[in-house]
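Q: Given next are the chains, with one letter for each unit.
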Amino acid sequence: MPTEQKYKEKVVIKNPIEKIESPVLKIDDLSVSYGGDKYAIQNVSAGIAKNKITAIMGPSGCGKSTLLRAINRMHELYPNTHNKGGVYLGDENIYELNPIQLRRKIGMVFQRPNPFPTMSIYDNVIAGFNLNGIKLKRSEKDEIVERSLREVGLWDEVKDTLHNRGTFLSGGQQQRLCIARALAYTPDIILLDEPTSALDPIATSKIEDLLVKLKKDFTIVLVTHNMSQAARISDYSMFMYLGELVEYGKTKQMFTTPKDKRTEEYLTGKFG
Amino acid sequence: MNSEKIFKYLLVSSGVLMVLIALGIVATLFVGSIPSFKEFGFGFLFSTEWDPTEGRESYGALPFIIGTLLTSILALIITFPFAFSISLFLGEYFKDGALPSFLRSVVDLLAGIPSVVYGLWGFYALKPLVAELGLNAQGFGIFTSSVILAIMIIPYASSLGAEVISMVPGSLKEAAYSLGATRFEVVRNVIVPNAGSGIFAGYILALGRAIGETMAVTMLIGNSNNMPTGIFDLGNTMASLIANQFGEAEGLKYTALIEIGLILFVITGIVNYIGKLIMKKLSA
Amino acid sequence: MHIGTKPKNLIKKKVFIQEMNISTEISDRKMKQRLLKDKIFTNGMIFLAFLSGVPLFLILYQLAIKGYRQLNISFIFEEAPDTMEAMIAVANNEIIPGGIANGIVGTLIIVGLASLIAIPLGIICGTYLAENAKGKFAGLVRFIVDMLQGVPSIVLGVIGYIWIVKPVTSGFSALAGSVALSIMMLPSIVRSTEETLKMIPGTLKEAALSLGVPYHKVILKVILPTGISGILTGVILGISRIAGETAPLMLTALGSTVINTNITEPSSAVPLLVWEFYNDPNLVNMIWSASLFLLLLILGLNLSAKAIARKWKVQY
Ligand SMILES: Nc1ncnc2c1ncn2[C@@H]1O[C@H](COP(=O)(O)OP(=O)(O)O)[C@@H](O)[C@H]1O
Ligand SMILES: [Mg+2]
Numbered sequence: 001m002p003t004e005q006k007y008k009e010k011v012v013i014k015n016p017i018e019k020i021e022s023p024v025l026k027i028d029d030l031s032v033s034y035g036g037d038k039y040a041i042q043n044v045s046a047g048i049a050k051n052k053i054t055a056i057m058g059p060s061g062c063g064k065s066t067l068l069r070a071i072n073r074m075h076e077l078y079p080n081t082h083n084k085g086g087v088y089l090g091d092e093n094i095y096e097l098n099p100i101q102l103r104r105k106i107g108m109v110f111q112r113p114n115p116f117p118t119m120s121i122y123d124n125v126i127a128g129f130n131l132n133g134i135k136l137k138r139s140e141k142d143e144i145v146e147r148s149l150r151e152v153g154l155w156d157e158v159k160d161t162l163h164n165r166g167t168f169l170s171g172g173q174q175q176r177l178c179i180a181r182a183l184a185y186t187p188d189i190i191l192l193d194e195p196t197s198a199l200d201p202i203a204t205s206k207i208e209d210l211l212v213k214l215k216k217d218f219t220i221v222l223v224t225h226n227m228s229q230a231a232r233i234s235d236y237s238m239f240m241y242l243g244e245l246v247e248y249g250k251t252k253q254m255f256t257t258p259k260d261k262r263t264e265e266y267l268t269g270k271f272g
Numbered sequence: 001m002n003s004e005k006i007f008k009y010l011l012v013s014s015g016v017l018m019v020l021i022a023l024g025i026v027a028t029l030f031v032g033s034i035p036s037f038k039e040f041g042f043g044f045l046f047s048t049e050w051d052p053t054e055g056r057e058s059y060g061a062l063p064f065i066i067g068t069l070l071t072s073i074l075a076l077i078i079t080f081p082f083a084f085s086i087s088l089f090l091g092e093y094f095k096d097g098a099l100p101s102f103l104r105s106v107v108d109l110l111a112g113i114p115s116v117v118y119g120l121w122g123f124y125a126l127k128p129l130v131a132e133l134g135l136n137a138q139g140f141g142i143f144t145s146s147v148i149l150a151i152m153i154i155p156y157a158s159s160l161g162a163e164v165i166s167m168v169p170g171s172l173k174e175a176a177y178s179l180g181a182t183r184f185e186v187v188r189n190v191i192v193p194n195a196g197s198g199i200f201a202g203y204i205l206a207l208g209r210a211i212g213e214t215m216a217v218t219m220l221i222g223n224s225n226n227m228p229t230g231i232f233d234l235g236n237t238m239a240s241l242i243a244n245q246f247g248e249a250e251g252l253k254y255t256a257l258i259e260i261g262l263i264l265f266v267i268t269g270i271v272n273y274i275g276k277l278i279m280k281k282l283s284a
Numbered sequence: 001m002h003i004g005t006k007p008k009n010l011i012k013k014k015v016f017i018q019e020m021n022i023s024t025e026i027s028d029r030k031m032k033q034r035l036l037k038d039k040i041f042t043n044g045m046i047f048l049a050f051l052s053g054v055p056l057f058l059i060l061y062q063l064a065i066k067g068y069r070q071l072n073i074s075f076i077f078e079e080a081p082d083t084m085e086a087m088i089a090v091a092n093n094e095i096i097p098g099g100i101a102n103g104i105v106g107t108l109i110i111v112g113l114a115s116l117i118a119i120p121l122g123i124i125c126g127t128y129l130a131e132n133a134k135g136k137f138a139g140l141v142r143f144i145v146d147m148l149q150g151v152p153s154i155v156l157g158v159i160g161y162i163w164i165v166k167p168v169t170s171g172f173s174a175l176a177g178s179v180a181l182s183i184m185m186l187p188s189i190v191r192s193t194e195e196t197l198k199m200i201p202g203t204l205k206e207a208a209l210s211l212g213v214p215y216h217k218v219i220l221k222v223i224l225p226t227g228i229s230g231i232l233t234g235v236i237l238g239i240s241r242i243a244g245e246t247a248p249l250m251l252t253a254l255g256s257t258v259i260n261t262n263i264t265e266p267s268s269a270v271p272l273l274v275w276e277f278y279n280d281p282n283l284v285n286m287i288w289s290a291s292l293f294l295l296l297l298i299l300g301l302n303l304s305a306k307a308i309a310r311k312w313k314v315q316y
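Protein chains in written order, with UniProt numbering: chain A, 1 to 272; chain B, 1 to 284; chain C, 1 to 316.
Treat each hint with caution, since some may be false.
[Stated by the list, open to error] Pairs of lysine-lysine, BS3-like flavour, derived with a Cα cap of 25 Å:
(1) B:K5 x C:K198
(2) A:K141 x A:K216
(3) A:K135 x C:K30
(4) B:K95 x C:K306
Worth flagging that the hints you see were computed from the coordinates, not collected in a lab. Treat the numbers as computed from the prediction; the structure is a model and nothing was measured.
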C-alpha cells in the first residue's frame, strides 16, 4: 500500500492548524492523488476531536470527499490512487492496517441514501455483521436491529414493516436507515459525506438532531455543502479550498472571526 | 394519394407483413401437423416409439423432447461457471483496457463460428477425448453434444450478464465496502442479488439457443431414436431428428416431423418469451 | 488487498453493543480465510474467463494447420471434385484436386437473394418501429420480431420447404434457401435499424421538418443516412449470421455438385459442402479448407461490421 510514513510510537502532527486535545484521529501531512502527480488534496494536517462533530466545508471540487474517503481508505476503490503522509487512528497508521478491519472502526454514510435494495430493512441494519460473516443469534440480531433503529429514531416508523424492502421508505427514512446500518456495526468514527444534500428540509433537520444526539457515543466527521448546517451542529469546522486545508478551528470562532481571507469570502457567500 | 400517405402506408404494411410471416409460420406448422395429430393425438408427446417400418408405422416425440431438454440443460450447467466468470470479468473486475477488449473480441468470435464447424471440431477433437476418458464407447452422445453446445452458447449466456453487472450502482458496492466487505463478498451479497435476474434472463435466452441448435448436435449425439438412459448415452434432439430425416420423409413420417418442428417451435418460443419477460421487468 | 494489522481498541464505549456483550471482532484466522477466499475467487474467475476462449484458438489452429495447404486459387475457382478423383489423389498422397466454387457461387446467390428480401423489409420495418415507439400495433410487431429471432433455423428450413420447395419450385431450390435465411436475418436488421434511429436526436428531425421538408423525405434524406453506419452494421451481422447456416439449407437448397445460377434449381453453399465432405470418406480431407474458408468469410464479415460501427460513427 502506498505510504511513506512508517509506524511511529508517538505521532506528532507536523503542522497542526488547530491544536486538538487528545485527538482520536490524526491526519498528518496527507496528500492524495487519483493518479499522476496531480494531488486532489495536499498537505492536510489536522486532529479530529473525540465525541465531537467536525464539519468539512468548502466549494465543490475542493477535495472534501477525497479527504473523508482517505480516512477509511475508500478512495482506494479507484484504481490509481496514491498518497503521501499518514492518518493515525490512535498511534497506528491506517495505511498499515487491514482496510477491512479499519472500516469496522470507521463507518461511512453517503450523499445519496443507498440501502441495499435486495435486502429487507432488518437485513440492511445487520448488513455489517452479515457481510463480515459474524454469526449472531436470532435474539441478538433482533436486539441490534431494534436498538439501532431506535438510535436513529426509525423504530416506531418501521417496526411493523421490518421485513419489507428498505427502498420503499422516504429519502429521509432511507438515510436514517443507512446511518443505523453504519452504527449497528459500532464503529468508533462515523464519516458522512453530504448526507442531507438529497433530502428536504424536514428530513434534514431530523438528521441533524440525530447527529447531535449520536456524538455522545461516536466521533462524527461530516462533509457539508451547507454552511448553516455546519454552524448549527458542528463543534469544529474545516474550510478547504483547492485541495488545501485553509482554516480549522472551533466552529463558533470560525464563523465569527475567520482568520483567513478566503474563509471569510466563502462564509459571506462570495464564492462556492 | 400523395407520397406522404403512401410512405406511411409502406411503413405500416411492413409491420403487417411481419405479423403475416409469423402467423404464416405458425399456421404452416399447425396445418402440416394435422395428419400426424389425427393419427396419434396427444399420445404423440408421450410415445417413445419411432418406427418407420411400413405397415406398422408409429411415431412419438418423447425421446427427442427428452433428448433436447437433456442436452440443452446440461449445456447450460456446463456453461454457467465460464459465462458467469466472463460476465464478472467484463462487467465488474476489468471494465476497460487491453485485456477485457481482447476477451470481448474472443467471445464475439466464438459467436461467429458456424455450427457445422463446431460439429467438426467436436467430432475430431472432443469425441476422441470423451471416448478416451471412457465416458462412452465411441465418444458420441448427449454429454459430448452438451459440451459443444456449452461452448457455443457462452457468448449468449455471458453478454447480458456482463451488461447488467456493469449497471449495478456503484453506491451499493461502496456501501458494502464501507462496512468492510471483501470484493468477493461484494460480488456475492450486492452484485449477484442486484444483477441476478438479468444474469438469469441471459441464461434463459442461451437455453433457447441451445434447444434449437442443429448441426453440431447432429454430428455428435449419435442419432439414436431410443429413449436416452443417461447423460453418457446416445440420443437425439428434435432439431437433429428433423435435419436427419426430413429430406427423404413422406406420408405419416413427413407430418410427424412437422409436428416435431411445431413442438420445437413452441418450446423455444416459451423459453424465449420467459427470457424476454424477465428482461422487460428489469428495464421497467 | 494486503492483510495488514488489526486496529487496537481505542475507545471504551457505552454503546449498546457493549452492553449486549456482542463482539464485533474478527479473528485473524477468519480474516485470513476471507482474504484467501477473495483471492481464490478472483483468480478462479480470471482463469475460467480466459479458459472459455481456448476453444476458439484450438478451432482456428486445427482449421489452419489442416486446411491451409488446400487453400489456393483453384480451390476458389474449381467445382468440388467427385469421390473417385479424390480417392485417387488421396491414394497417391496428393492434394485433392478441385475446390468449392459451386459452394461459393451458391452461397453468394442464396445469401444475396436473402439479403435482397430482408434488407429493404427490415429497414422499413425498423423505421416503422422507431417512428412509432409507443403504438400498440408497433408493440405487437416488436414482440413478433423478438420471437422470430428465437425460431430455430431448422424450423425455418421446414418452412422454406413447405412454402417454396413443394408449391413454387417443385423441388429443392436456391430460392427456398433464400426465403428461409431471409426470415432468419430479418430480426437483426429490424432491431439494429430501430435502435440506431431511436438514438438520433429528435431535434434533427424537427429541424428538417421546420424547414418545410415533408415527413417521408426527412426520413429518407435525413434520418436514414444519419443512421447508416448502425444499420449497415446490423445488416452485415445479419449476413454473417446466415452465411454459416447449414441446417435450413439441407431442407431447401439441398446441394449441387456443379455451379448453378438458376435459383429454381438445387444449389450448393459453402456450409453445405462442409457437411457433404464430412459425410464422404474420400473427400473428408477437404472439410478443413472449406471450413477455414467459411470461418474466414464470417470472421471477416464480423470484423468489418465492427470497423464500420467504429469508423463511421456519426457524431451528433
Ligand atoms: N475518482 C476520481 N478520479 C479522478 N479525479 C477525481 C476523482 N474523484 C475526485 N476527483 C478530483 O479530485 C478533486 C476533489 O474532488 P472531491 O474530493 O470529490 O471534491 P468535493 O467532495 O469537495 O466536491 C476534484 O478536482 C475532482 O475532479
Ligand atoms: Mg463530494
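Q: Each hint: holds or not?
A: Evaluated hints:
The hinted pair formed by B:K5 and C:K198 meets the criterion: a straight-line CA distance of about 22 Å does not exceed 25 Å. At roughly 23 Å between alpha-carbon atoms, A:K141 and A:K216 fall within 25 Å of each other, so this suggested pair holds. With a CA separation close to 12 Å, the supplied pair A:K135 and C:K30 stays within the 25 Å bound. For the hint pairing B:K95 with C:K306, the CA-to-CA distance comes to about 19 Å; that is within 25 Å, so the pair holds.
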